[in-house]
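2 protein chains.
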Amino acid sequence: MNPAAAFGHVLRYFRISSRLSQERLAQESGLDRSYISLLERGIKQPSLTTIIQIAQTLDLSPRELMAKVEEKLRENSKD
Amino acid sequence: MNPAAAFGHVLRYFRISSRLSQERLAQESGLDRSYISLLERGIKQPSLTTIIQIAQTLDLSPRELMAKVEEKLRENSKD
Chain A
1 MNPAAAFGHV LRYFRISSRL SQERLAQESG LDRSYISLLE RGIKQPSLTT
51 IIQIAQTLDL SPRELMAKVE EKLRENSKD
Chain B
1 MNPAAAFGHV LRYFRISSRL SQERLAQESG LDRSYISLLE RGIKQPSLTT
51 IIQIAQTLDL SPRELMAKVE EKLRENSKD
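Protein sequence lines, in the order shown, are assigned to chains A and B.
With our numbering applied, the first sequence covers 1 to 79.
With our numbering applied, the second sequence covers 1 to 79.
Everything labelled a hint here was simulated from the structure, so no lab data went into it.
A portion of the hints provided could be inaccurate.
Identical copies carry no separate label here, and so any pair may be met within one copy or between two of them.
Derived SDA-like pairs: lysine to any residue, alpha-carbon spacing no greater than 25 Å straight-line [to be verified]:
#1 Lys-72 <-> Gly-42
#2 Lys-44 <-> Glu-75
#3 Lys-44 <-> Ala-5
#4 Lys-44 <-> Asp-32
#5 Lys-44 <-> Leu-20
#6 Lys-72 <-> Gln-22
#7 Lys-72 <-> Ser-61
#8 Lys-44 <-> Gln-22
#9 Lys-72 <-> Gln-56
#10 Lys-44 <-> Asn-76
#11 Lys-72 <-> Ser-47
#12 Lys-44 <-> Gln-56
#13 Lys-44 <-> Arg-15
#14 Lys-44 <-> Ala-67
Sequences are here, hints too, so could you generate the full structure?
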């Protein structure tokens, strides 16, 4: 699993946990809904600014969001 | 200070603390030296993959690197 795919999984997990639709997350973070969809599918990877914007919308600090991405990468490197 | 500028400051600080030249950091992280220079000056912002690559080269976890960027942003929002 590459970083984009790990980020996509983490984003989807926290978005659904926060009961936000892709549309709502997009609005609240100032990003396009189609971009959120590309991120969740691991097709696009986020920039630093996007990581910070999305973390704020999900009520996480950027470091917490990054920690979750690292965990996901670690888990999947065992496969 | 925007996220790119905060990242640039943090990168420069840890690169110099690690006694690495821009060239050496570039080689070890698999990035171009000119790109490292653009990052340090806050002209470009890093992608998730670049954050992970640079953190590894600087012997930090990506979450630690992100924490430093957050601190820098917080410090400079007080001005």
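Against the structure, the hints come out as follows:
1. Lys-72 <-> Gly-42: within (13 Å within a copy, 29 Å between copies)
2. Lys-44 <-> Glu-75: Answer is within: at 21 Å inside a copy they meet the 25 Å cutoff, but 31 Å across does not.
3. Lys-44 <-> Ala-5: both (9 Å within a copy, 23 Å between copies)
4. Lys-44 <-> Asp-32: both (13 Å within a copy, 21 Å between copies)
5. Lys-44 <-> Leu-20: within (20 Å within a copy, 31 Å between copies)
6. Lys-72 <-> Gln-22: The answer is within: 21 Å in one copy meets 25 Å, while 30 Å across copies does not.
7. Lys-72 <-> Ser-61: both (17 Å within a copy, 14 Å between copies)
8. Lys-44 <-> Gln-22: Classified as within: same-chain Cα gap 15 Å, cross-chain 27 Å, threshold 25 Å.
9. Lys-72 <-> Gln-56: Both. Shortest intra-copy (20 Å) and inter-copy (17 Å) distances satisfy the 25 Å Cα cut-off.
10. Lys-44 <-> Asn-76: within (19 Å within a copy, 30 Å between copies)
11. Lys-72 <-> Ser-47: both (18 Å within a copy, 18 Å between copies)
12. Lys-44 <-> Gln-56: both (20 Å within a copy, 22 Å between copies)
13. Lys-44 <-> Arg-15: Answer is within; shortest intra-copy Cα gap is 17 Å, inter-copy 28 Å.
14. Lys-44 <-> Ala-67: Classified as both: same-chain Cα gap 19 Å, cross-chain 23 Å, threshold 25 Å.
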